[in-house]
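Could you build the full structure based on these sequences and the hints that come with them?
Chains as they are written, first to last, in my numbering: chain F, 1127 to 1242; chain S, 162 to 970.
The reader is advised that the hints may include incorrect statements.
[What the hints assert, rightly or not] List time: in silico SDA-like cross-link candidates among lysine to any residue, alpha-carbon distance up to 20 Å:
hint : chain 1 : residue 1 : chain 2 : residue 2
1    : S       : K333      : F       : F1188
2    : S       : K210      : F       : S1213
3    : F       : K1237     : F       : I1158
4    : S       : K333      : F       : I1197
5    : S       : K292      : S       : E572
6    : S       : K523      : S       : A571
7    : S       : K214      : F       : I1197
8    : S       : K329      : F       : I1146
9    : S       : K210      : F       : L1142
10   : F       : K1237     : S       : V172
11   : S       : K333      : F       : Y1145
12   : S       : K288      : S       : G552
13   : S       : K823      : S       : Y790
14   : S       : K214      : F       : Q1193
15   : S       : K858      : S       : L765
16   : S       : K210      : F       : T1212
17   : S       : K210      : F       : P1148
18   : S       : K333      : F       : F1141
19   : S       : K965      : S       : E221
20   : F       : K1237     : S       : F170
21   : S       : K210      : F       : E1195
22   : S       : K333      : F       : F1143
23   : S       : K333      : F       : P1148
24   : S       : K210      : F       : N1200
25   : F       : K1237     : S       : S171
26   : S       : K523      : S       : E572
27   : S       : K210      : F       : I1192
If you're looking for bench data, these hints aren't it; they were derived computationally from the structure. Predicted, not measured: the structure shown is a model, and the values here were computed from it.
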Amino acid sequence: MKNLVSILVLILTAFLFQYIGPWWIAAIPALIVGYSNNTVSPAQSFALGFVAIFLLWAGQSFFINIQNEGILANKIGEIFNGLNATSIVCITGLIGGILGGLAAMTGRLFKRSFSK
Amino acid sequence: MKNLSTILFSVLLLLFVVGLSSSFQIGNRSIPPIGKFFSPSHGFWQNAKLLNKESDIPNELNLLAPATVKYDNRLVPHIFAQNERDLFYLQGYITAKHRLWQMDLSTRSAAGRISEVLGEFALDLDKRSRKMGLNWAAENAVEGWSKDPEVLSNLEAYRDGINDYTTKLSPKDYPIEFKLLNYAPEEWSLYKSALILKAMARTLCGNGPDSRFSNTLDHLGRADFDQLFPEFNPKQSPIIPENTSWDYIDKKEIVNEPIAPSLSIGYEDHSGFQDNRMLMGSNNWAVAPQKTADASTILAGDPHLELTLPSIWFEMQLNAPGINSYGVSIAGMQAIIIGFNDHIAWSVTNVGHDVMDWYEMKWTDETKSAYYFNGQSQEVEYRIESYMVPGKGIVSDTIRYSVWGPIWEAEEDGDPDLALRWLPHDIPDPMEIKTFELLNKAKDFDEYRKAISNYISPAQNFAFASKNGDIGLTVSGRLPLRNDQQGRFVQAGDDYKNEWQDIIPFEHNPFVQNPERGFISSANQHSTAPDYPYYYTAGGYFEAFRGRRVNDLLETSEDITVEDMKALQNDSYSIKAEEALPVMLAGIDLETLEPSEKEIISTLLSWDYQYEGHLKAPILFELWFNGFYFETWDEFSKLEKPVLRPETWRTIELMEQSPDSKWFDKADTEPIENLSDIIVSSFQNMIKEYQNIASDKETYTWQSHRNTRIMHMGRLPAFSRMQIETDGSRNTLNAVTSTTGPSWRMIVEFDETAVNALGVYPGGQSGNPASPYYDNMIDTWAAGEYFELNFLKDANQISDAILKTNELD
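Printed below as a string of structure tokens:
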């Protein structure tokens, strides 16, 4: 339950932060969430951050892609060696996921270092 | 241990963020910063999201009075302003909104600054632009225009509109190409508008093959040269009707003696930036009420240019007190360039007169710091050109300037250095910048003439038609006053006598008003018959076939309708094939052929010379004629120096008139060949070539062979359209080639009550590849169909075509 809340909080804060910050701004809330949720292992923390930002990035791009009827994503796919629109949505989620995972895990590790 | 993994993962996170924030260059490919590019809130996804706002204009603009901007169902903006300042401000703002990256790239291309964003591989392109002095020309243009600050006010308003759009643009909303190449838009300026104009000049009058003519003359000798390179085609049907009297021209006196040209100019090709003059062209014509079915006046025009995405043209309506014009504009220039208003319509085609000459430098010593001019030593001026190349820093290059213009130093030892004299370099009269504004407002023939009298370059044939039934055409632009043959070849650069004698006065430029035949037309052919008092050919380029076709058809047509005009713009009949193919077929002995060869001959025999996309005959003819042409002019193939081969029309003339001409004899064979021998051997070669290229013969047709593509300006195939299926060839009125073609087809009819206009271009209004309006008109264009243009009377007119109205106050 607590993990689900962490994921939802992370998605929401990252989404809002993205309006003002640079592309990697989701790492900041992920670091904080990782730091504060100390009931999980660092590996679980990675998974938590990954899932949250993956869902956010893949979700955002999924909806944009539907609205755009795939016009742009297919063209971007062609630039990146002939991928289709769905793959482009997945890659987007993956990049976000790795960012969120790494940040959440780093946050968790910081907590562990400081709390001994 | 614990601390170690903390440090390790912190570093990993940091590397991930930094790594995905940087762009890389792999070969010629730029890899965008992957994280930033894929971020749904920052990267390319935002460009897809922008479509919701594509027809929204924010109500926070710097306007003097309320204004209205309407968008129709093809994303064409209709701007209604209460004064000219607001009108052109909004034109700038809206053009930037849809075409910002195109504007950036076009100016970078002209200024020689592409390598800044594309990397080192574009450096040579940039160096050529600077050698050509395009940036110098643009500086001179701004200097000239600025002499009368009042004429600049509308161009300044246009600039301010662009900048108000750009400065408020957040990086997430930059056009996608900026994100791919990871850079930001720059401030717009008058200089950049001037660069756009000079880029057009490079395309349309930036080919001066004087060195090729010199080498060719040197190789052939005068007698053979004159035989192979006559300046007029006897079959030509000139733009200004042949019986026109030139009595009104009191020819300007030429003071200086003719001078002998320089010969054997060396190995470097000085023919300008790119020799694409055979590909660029245009058609326009107008018919008077006496020749139309409804006693209406009709004007049609289609400029043939490189087809790109975004398209060169941006369609719009401009309305303010004193002006209500509709047509296409060029991103970066104010006003409508080709279009119509309530009273008149106009369209342009390129003028082939030579405005680019080359002069051989005579240095005083090896340092090349001074040269001889009129018996005295004159110092060169140095211009340092710097290029900011990513990963390489600043690269500098010194270009020497002479009285003629920039000097192209030979790359090969022993070749002469040539100076470039190019009319678009000259400091213009300030009124140049008003040409199109005045034309947009013109109400009759006199006002049209007055507007275009300000026009300088690239010279254009301005076709005209008006509501009251007048038609006309003017060869407009500043054209040099020359001695006979002057400027056809490279000239000595040490004598002022070799300068252009003057500029031909506008009143003496060829023009025609309401000719008896009831129509006017131009298709890049000779402006006049040889009896025009001024020498103007000088190695310029004049098309040999399209002008004859349009004049033939208009001459014999009566009761003309708009449908006829559509058919004429889409006409794919080739006079080249009509003349050459019968001679070629007559040279083949059918008895000796194998069955497969007989089939090919019968395909050609039943062909009606129409370059329809689904046919095979045009492939066969083009392969055959091309092979025949190069076999005939084999003597030119072995020369190392850049030369010119005789034109296609002259080749056909020899086929028709001189089958035993020495030019049909192959240079390196013992027997003496004649026309028939070349026809037979080129036929055999064609059969082999055809079998090699058309492996899947059923589907391989003319349109596959011609392979027309509309490339993205950044050459990204993903943003381009390949293999366009349509009719036409470079010598037909529907002049579609692999990369060029009719870039805007327009037909305007004035009848008793209204202006009815049709138009289409192979692209779309939006420069955003995510938009359905990016390429939505291509299929209509390829099918030879048109859109009805929504020319609104005023801001209150109700129209179903209008999808969005922005009220601005």
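Here's how the hints hold up against the structure:
Our distance criterion of 20 Å between C-alpha atoms is met by S:K333 and F:F1188, whose separation comes to about 18 Å. Restraint check for S:K210 and F:S1213: the C-alpha separation of about 19 Å stays at or below 20 Å, so the hint holds. Between F:K1237 and F:I1158, the direct Cα distance comes to roughly 10 Å. Compliance with the 20 Å bound is thereby established for this hinted pair. The suggested pairing of S:K333 with F:I1197 holds, with an alpha-carbon distance near 19 Å, which does not exceed 20 Å.
For the suggested pair S:K292 and S:E572, the alpha carbons sit about 13 Å apart, so the restraint of at most 20 Å is met. For a cut-off of 20 Å, the pair hint linking S:K523 to S:A571 stands: about 13 Å separates their Cα positions. Note on S:K214 and F:I1197: the hinted pairing holds, with a Cα-Cα distance of about 17 Å set against a maximum of 20 Å. Between S:K329 and F:I1146, the direct Cα distance comes to roughly 15 Å. Compliance with the 20 Å bound is thereby established for this hinted pair.
At roughly 17 Å between alpha-carbon atoms, S:K210 and F:L1142 fall within 20 Å of each other, so this suggested pair holds. About 16 Å separates the Cα atoms of F:K1237 and S:V172, which keeps this hinted pair within 20 Å; it holds. Only pairs whose Cα atoms come within 20 Å are accepted, and S:K333 paired with F:Y1145 is accepted, the gap being roughly 10 Å. With a CA separation close to 18 Å, the supplied pair S:K288 and S:G552 stays within the 20 Å bound.
Proposed proximity of S:K823 and S:Y790 is supported: the alpha carbons are some 14 Å apart, at most 20 Å. A hinted pair counts as satisfied when its Cα atoms are at most 20 Å apart, and S:K214 with F:Q1193 qualifies at roughly 13 Å. Annotation: proposed proximity of S:K858 to S:L765 holds, straight-line Cα distance about 16 Å (limit 20 Å). Between S:K210 and F:T1212, the direct Cα distance comes to roughly 17 Å. Compliance with the 20 Å bound is thereby established for this hinted pair.
Distance restraint check for S:K210 and F:P1148: the Cα-Cα separation of roughly 18 Å lies within the 20 Å cut-off, and the hinted pair is therefore satisfied. The hinted pair formed by S:K333 and F:F1141 meets the criterion: a straight-line CA distance of about 15 Å does not exceed 20 Å. For the suggested pair S:K965 and S:E221, the alpha carbons sit about 18 Å apart, so the restraint of at most 20 Å is met. Restraint check for F:K1237 and S:F170: satisfied, since their Cα atoms lie roughly 13 Å apart, inside the 20 Å limit.
Of the pairs offered as hints, the one joining S:K210 and F:E1195 holds, with about 11 Å between alpha carbons and a cut-off of 20 Å not exceeded. For the suggested pair S:K333 and F:F1143, the alpha carbons sit about 14 Å apart, so the restraint of at most 20 Å is met. For the proposed pair S:K333 and F:P1148, the alpha carbon gap of about 10 Å is at most 20 Å, so the pair holds. Between S:K210 and F:N1200 the alpha-carbon distance is near 15 Å, which keeps this suggested pair within the 20 Å criterion.
This hinted pair checks out: F:K1237 and S:S171 have alpha carbons roughly 13 Å apart, not beyond 20 Å. Under the criterion of a C-alpha separation no larger than 20 Å, the hint pairing S:K523 with S:E572 is consistent with the structure, at around 16 Å. The straight-line distance between the Cα atoms of S:K210 and F:I1192 is roughly 10 Å, inside the 20 Å bound, and the hint therefore holds.
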